[in-house]
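**Student:** Chain by chain, the residues run as shown.
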Amino acid sequence: NAGVTQTPKFQVLKTGQSMTLQCAQDMNHEYMSWYRQDPGMGLRLIHYSVGAGITDQGEVPNGYNVSRSTTEDFPLRLLSAAPSQTSVYFCASRHNSPLHFGNGTRLTVT
Amino acid sequence: AQRVTQPEKLLSVFKGAPVELKCNYSYSGSPELFWYVQYSRQRLQLLLRHISRESIKGFTADLNKGETSFHLKKPFAQEEDSAMYYCALGRGSQGNLIFGKGTKLSVKP
Chain A
1 NAGVTQTPKF QVLKTGQSMT LQCAQDMNHE YMSWYRQDPG MGLRLIHYSV GAGITDQGEV
61 PNGYNVSRST TEDFPLRLLS AAPSQTSVYF CASRHNSPLH FGNGTRLTVT
Chain B
1 AQRVTQPEKL LSVFKGAPVE LKCNYSYSGS PELFWYVQYS RQRLQLLLRH ISRESIKGFT
61 ADLNKGETSF HLKKPFAQEE DSAMYYCALG RGSQGNLIFG KGTKLSVKP
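First to last, the protein sequences are chains A and B. Counting in my numbering, the first sequence runs from 1 upward without gaps. Counting in my numbering, the second sequence runs from 1 upward without gaps.
These are calculated hints, taken from the structure and not from any lab test. Values in this document were obtained by computation on a predicted structure and should not be read as measured data. Mixed in with the good hints there might be a few duds.
Pulled a few chain A residues facing chain B out of the computed Cβ check, cut under 10 Å [unchecked claim]: (1) Q6; (2) V60; (3) Y64; (4) F90.
Even for Gly, the Cβ is constructed at its ideal location relative to N, Cα and C.
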């Protein structure tokens, strides 16, 4: 099993650009989530999903959209990137187990 | 409100010294607590969960409901323990975890 796979690993955007961070898991986990990691702030939950077709907001959802059309995939969309969204983004999944994390996407918005 | 507090941003110890990383939580229900570790620029990995009561890499953590704490301890720190450590609180069946802000452990030779 590959576990939780995130792409890309690195991305640089200009303010106002849009992009999608990809996340896929092959463990048949119902629950998936997106966190952002910032120095001194720990990990903060952006959005989560408890199954295909179901998504909900976390602690810091503004500026981000998600969808869950399949159990495997949970993409995170930035519609109009802002410098405040410069961060490391982690996708994670679980099913009656601790969270399994991806390797992260390091995003810089200039 | 649910909250996880890790009071130390940075903890520096010498190799062979005991180490304790503090974690306090606030939660009205029955907590599910975890410690995650992140080595330099890697993914977060589960280190411990309170229900398993096991020792991983020499680390242990005991849930103290009276003091609402879940401190991580190791009697003899090793250089390879240098990493970022996050305490996390689980909330029910939804699976959301609330993370503390993390403690960076530096073990000096």
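**Student:** Once the shortest beta carbon distance from A:Q6 to chain B is found, is it less than 10 Å?
**Tutor:** holds, 9 Å
**Student:** Holds or violated: is the Cβ of A:V60 closer than 10 Å to a Cβ in chain B?
**Tutor:** Hint on A:V60: violated, closest Cβ of chain B at ~12 Å, above 10 Å.
**Student:** Is the interface hint for A:Y64 satisfied, with its Cβ closer than 10 Å to some Cβ of chain B?
**Tutor:** This hint is violated: A:Y64 lies away from chain B, its Cβ roughly 16 Å from the closest one there, beyond 10 Å.
**Student:** Does A:F90 pass the interface hint, meaning its C-beta sits closer than 10 Å to a C-beta of chain B?
**Tutor:** This hint holds: A:F90 lies near chain B, its Cβ roughly 7 Å from the closest one there, short of 10 Å.
Going down the numbered hints, you'll see the structure goes against 2 and 3, while the others check out.
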